[in-house]
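Line order of the protein sequences matches chains A and B. With the numbering used here applied, the first sequence covers 1 to 581. With the numbering used here applied, the second sequence covers 1 to 376.
Do not rely on the hints blindly, as some may be mistaken.
As the list claims (entries may be wrong) - Computed from the model, here is a short list of chain B residues facing chain A with C-beta under 7 angstroms:
1) Val172
2) Gly234
3) Val272
4) Thr274
5) Gly293
6) Gly312
7) Thr323
If you're looking for bench data, these hints aren't it; they were derived computationally from the structure. Predicted model, so just to flag it, every value in this text is computed and none were measured. We put the CB at the ideal spot given by N, CA and C, even for glycine.
The primary structure of each chain is shown beneath.
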Amino acid sequence: MKPRNRVMGVTLGLALCFTIVSCRLIWIQLVNQESYRAEAIRSHTRGEAVPAQRGSILDVSGRVLAQSMPWIEVRLDGKLLAEEPRELPMLASLLGVSAEWLKGQADPENRYQKIAEGISVETEAKIRANKLRSVRLERKTIRNYPNGSETAQILGYVNLQEMNLAGIEKPLAVEVGEAGVEKSMDRYLRGVAGERRIIHDAIRREIPYFRLSDRPARDGYHVVLTVDQGIQHVVEREADALVEKYQPESVQIVVLRPSTGEVLGMTSRPTFDPNQRKTFEAGAVKDRPIADIYEPGSTFKIVTVAAGLNEGVVDLDSTFFCENGEMFYGGSSLKDHEAYGMLSLREIVAKSSNIGTAKVAIQLGEEKVYEYARLFGFGQKTQKGEGILPGEEGGLLRPTKKWSKLSITRIPMGYEVAATNLQMALAYGAIANGGKRMEPRIIKAVVDRDNRVVLQFLPKVVCQAIKPEAAAKMVEALRGVVSDQGTAEGAQVPGYEVAGKTGTAKKVVQGDYAKDKYRSSFIGFLPADKPEFLVSILVDEPKGKVYYGGLVAGPAFKNIATQVAEQLHLNREAVVARRGN
Amino acid sequence: MGRNSAHILVACVAGLIGLGLIMLASVGAFSPDNRGQTLFFLQRQGLWLAVGAGICVGLSRCDAKTLLHYAGWIFGIATVLVAFSLIPGLGKSVKGSARWIPLGPFAVQPGEILKLATVILAAGWVKWQGPRMKNAWYGLVLPFLILLVPVCLLVKQPDLGSAAFVLAATAVVLFVGGAPILPLVVLGCVGVAGVGLVAISMPERLDRLVSFMNPEAHRQGGGYQVTQALIALGSGGVRGVGLGQSIQKMFYLPEAHTDFIFPILGEELGLVATLGVVLVFLMVTLCGGYIAGHASDLSAMALGMGVTALVGMQAVANLGVVTGLLPPKGVGLPFISYGGSNLVLCLGAVGILLSLHREAKYPAEARQRRLVGGGQ
Chain A
1 MKPRNRVMGV
11 TLGLALCFTI
21 VSCRLIWIQL
31 VNQESYRAEA
41 IRSHTRGEAV
51 PAQRGSILDV
61 SGRVLAQSMP
71 WIEVRLDGKL
81 LAEEPRELPM
91 LASLLGVSAE
101 WLKGQADPEN
111 RYQKIAEGIS
121 VETEAKIRAN
131 KLRSVRLERK
141 TIRNYPNGSE
151 TAQILGYVNL
161 QEMNLAGIEK
171 PLAVEVGEAG
181 VEKSMDRYLR
191 GVAGERRIIH
201 DAIRREIPYF
211 RLSDRPARDG
221 YHVVLTVDQG
231 IQHVVEREAD
241 ALVEKYQPES
251 VQIVVLRPST
261 GEVLGMTSRP
271 TFDPNQRKTF
281 EAGAVKDRPI
291 ADIYEPGSTF
301 KIVTVAAGLN
311 EGVVDLDSTF
321 FCENGEMFYG
331 GSSLKDHEAY
341 GMLSLREIVA
351 KSSNIGTAKV
361 AIQLGEEKVY
371 EYARLFGFGQ
381 KTQKGEGILP
391 GEEGGLLRPT
401 KKWSKLSITR
411 IPMGYEVAAT
421 NLQMALAYGA
431 IANGGKRMEP
441 RIIKAVVDRD
451 NRVVLQFLPK
461 VVCQAIKPEA
471 AAKMVEALRG
481 VVSDQGTAEG
491 AQVPGYEVAG
501 KTGTAKKVVQ
511 GDYAKDKYRS
521 SFIGFLPADK
531 PEFLVSILVD
541 EPKGKVYYGG
551 LVAGPAFKNI
561 ATQVAEQLHL
571 NREAVVARRG
581 N
Chain B
1 MGRNSAHILV
11 ACVAGLIGLG
21 LIMLASVGAF
31 SPDNRGQTLF
41 FLQRQGLWLA
51 VGAGICVGLS
61 RCDAKTLLHY
71 AGWIFGIATV
81 LVAFSLIPGL
91 GKSVKGSARW
101 IPLGPFAVQP
111 GEILKLATVI
121 LAAGWVKWQG
131 PRMKNAWYGL
141 VLPFLILLVP
151 VCLLVKQPDL
161 GSAAFVLAAT
171 AVVLFVGGAP
181 ILPLVVLGCV
191 GVAGVGLVAI
201 SMPERLDRLV
211 SFMNPEAHRQ
221 GGGYQVTQAL
231 IALGSGGVRG
241 VGLGQSIQKM
251 FYLPEAHTDF
261 IFPILGEELG
271 LVATLGVVLV
281 FLMVTLCGGY
291 IAGHASDLSA
301 MALGMGVTAL
311 VGMQAVANLG
321 VVTGLLPPKG
331 VGLPFISYGG
341 SNLVLCLGAV
351 GILLSLHREA
361 KYPAEARQRR
371 LVGGGQ
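Make a model of the complete structure from these sequences and hints.
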């Protein structure tokens with residue numbers, strides 16, 4: 001073989017190799033490019049969730065009751081601090097602690113030690129600006145309730161839940177409402193998390209230049225309650241006073257506006273502090289005014305009396321013989337707490353005569369009593385649709401065919417039925433509101449971050465329970481209760497005419513009515529001729545000698561009503577002047 | 001091609017070097033070895049380019065006869081330098097390989113010098129032996145025995161890639177110089193078997209070989225680089241993602257500035273550029289072969305083909321590795337990959353080809369014209 005041919009052979013061999021490489025390149029970059037591109041996208045991109053800030057819960061005038069705030073934790077890398085001791089004094093001064101303390105805290109073995117939390121955003125910015133290597137700042141979010149345990153049962157609380165979103169590998173910690181308004185309005189409060197699709201390098205750092213998409217989060221809406229923080233404060237203080245004075249099992253107070261059904265304040269004892277997640281007890285979280293049912297006792301008498309007035313079978317001045325304190329009916333005896341002879345209907349209400357009420361009921365008949373109990377909202381949940389408080393109970397009201405012979409004398413005085421405090425308050429609200437029963441409202445509106453109304457909850461009439469004339473007569477009867485002739489003299493509020501009714505119900509213990517365990521209650525509203533607000537108070541098992549509703553709950557009503565009237569700027573003089581006419 | 005072969009050669013090499021510098025600027029910011037300077041590789045490569053260009057011009061001015069005259073010396077010095085790099089005090093070790101001799105801020109790879117020196121020695125051998133080259137003993141066995149010394153040193157470093165190139169380039173030179181074909185084939189088979197034995201004796205090498213056969217199963221191990229190289233090439237497609245827009249260079253593809261610069265080129269500039277580069281290498285090889293084929297005598301022919309093969313085989317090896325055709329070896333892409341010693345070696349090879357070109361006898365050439373050296 002000639003040398004030149006050998007040269008040619010080697011050259012052609014190399015040329016062949018280059019041809020093979022070329023074919024391979026065409027195979028990779030042309031024929032199979034899509035699968036490699038898919039592989040590249042799979043390994044280069046990732047989705048990141050952009051958390052949405054949970055909306056606040058505000059009172060009727062925009063004061064914050066619950067809000068989400070950034071919560072910054074400072075983690076110290078003890079190993080890096082040991083390598084860079086000059087960072088120690090700087091960090092100490094930024095955190096406002098002594099360098100000695102910090103030095104004592106630093107553990108070279110622990111690279112992720114929490115040394116501070118809840119620092120201000122300004123401090124966070126300073127630490128970041130100083131680029132301290134030994135410190136890691138973690139930004140979380142915390143639900144803050146500025147008023148502590150006030151309004152706690154209405155607001156509820158949140159839990160942090162890890163949520164897996166589609167296309168995002170790292171779960172997102174989301175505040176999820178677990179009770180109260182936090183739960184019922186969760187879908188509005190929560191907002192919608194945004195999403196970033198990013199390209200990252202091999203050590204998973206984002207390459208900002210290549211950001212693929214950036215959908216910002218939609219922060220949660222604010223929820224405005226009908227509750228007034230000032231009134232709520234009054235209510236809370238009175239609940240505490242009642243607890244201190246009577247050591248009861250529980251206390252419930254509801255304040256609402258009869259004309260709209262709006263709850264202005266509502267609380268119960270025991271309660272809890274939603275800021276202290278660890279101290280929760282199941283019983284304390286319960287929103288008792290809507291979730292606890294009980295035999296209401298004498299406060300329930302309005303159903304029968306109002307029914308009688310509405311049906312025209314009785315009038316305020318109709319008289320009944322009250323059997324001198326003991327009536328036998330259906331083989332059992334029914335007693336009054338005092339022996340009464342002839343009483344007008346007005347007096348029956350004022351003195352809370354069981355016998356008188358039973359006689360009205362007997363005159364009406366079972367069906368009518370049942371029908372009016374339903375019209376006043378008993379035996380059914382009061383809230384419907386959206387914007388309600390979770391956990392409401394409907395109470396117990398048996399249909400007449402399940403009534404016993406005795407029921408017609410027991411149900412009118414509030415036994416053999418069970419209701420929530422809110423149901424009672426709304427029934428009285430109907431009387432105060434010219435016979436129109438309202439749906440309760442706890443949420444006024446949902447507004448977005450620019451204060452535009454997203455959703456509004458307007459007052460809603462459920463039914464006309466009784467005619468306005470009957471309601472007016474009923475109010476007049478209830479005014480008699482809060483007089484020196486009635487059971488609730490202590491509930492009088494200087495400057496206003498008050499209408500209301502006491503209740504003192506025996507508690508059932510182990511299937512029988514206990515002798516010394518009572519539920520004391522008072523429900524009243526003012527001004528009686530044009531009611532602005534209504535207060536319903538229930539004290540469960542007051543300890544001590546005093547247990548009558550008029551004596552336990554009556555004064556509490558006075559305290560609350562006096563302050564609430566001030567808060568609502570009711571015109572005292574005008575009321576007085578009208579009385580003079 | 002005639003006289004133009006040298007022009008084409010110089011143009012091709014200049015194009016490759018220019019493209020290489022652009023790619024180094026592109027990947028330079030993302031290498032963990034860049035000492036915090038975005039253009040570190042570009043600057044270093046620029047300095048080496050100046051050195052290499054000087055050597056290229058120098059060799060092109062030098063007669064092949066003179067070069068072959070000192071072949072023994074050149075080879076001897078190169079072997080000693082390789083030995084130096086193994087001495088702990090003198091040499092520098094990077095990633096477990098003692099391949100470098102530090103010179104101030106720079107480091108020289110004597111293995112690269114040895115590659116060229118071996119080709120020169122083999123060509124010199126062809127000249128001394130003359131007709132005896134047809135004898136298997138003088139034409140093949142004896143020169144390979146001489147080569148055993150530096151090859152063993154290279155294996156010791158370890159730098160199996162360079163060792164393989166030294167042997168392969170020598171084989172090409174001897175083949176062109178008239179060595180008998182059959183014994184050469186036998187010797188080649190023995191060599192391949194030897195490489196296999198060495199590979200099996202070194203578990204790390206074996207892993208590389210095995211992972212090459214099944215890159216998916218060795219994603220995190222030896223197959224990782226190749227997998228990433230293929231992703232880079234494939235995601236570039238026909239037109240590429242755009243210069244400087246590679247994502248694979250963001251630490252996905254290790255050694256993106258040296259051995260694996262070609263996939264980044266493919267990712268950023270696409271099939272158009274990768275085929276272009278392969279075509280240019282083909283042109284370089286063809287020009288080298290053409291010049292060698294028309295060299296003045298047999299030894300010059302062998303020398304020309306030897307240096308051409310040295311450059312061409314490195315290109316083939318690198319391209320084969322990054323496209324997943326060959327097991328990873330640690331071979332840079334001539335003229336383009338970062339690496340000063342290799343750039344100088346390749347430019348030296350070009351210088352030798354230009355020198356041969358001056359004395360070459362091209363057909364249909366009435367009068368010899370003198371080509372001014374490629375470096376000017």
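So, going through the hints one by one against the coordinates:
1. Val172: Val172 (chain B) check passes; min Cβ-Cβ to chain A is 6 angstroms, inside 7 angstroms.
2. Gly234: holds (2 angstroms)
3. Val272: Cβ of Val272 (chain B) sits 9 angstroms from chain A, so the hint is violated.
4. Thr274: holds (5 angstroms)
5. Gly293: holds (4 angstroms)
6. Gly312: holds (4 angstroms)
7. Thr323: Since the shortest Cβ distance to chain A is 5 angstroms, the answer is holds.
Of the hints listed earlier, the one the structure fails to meet is number 3.
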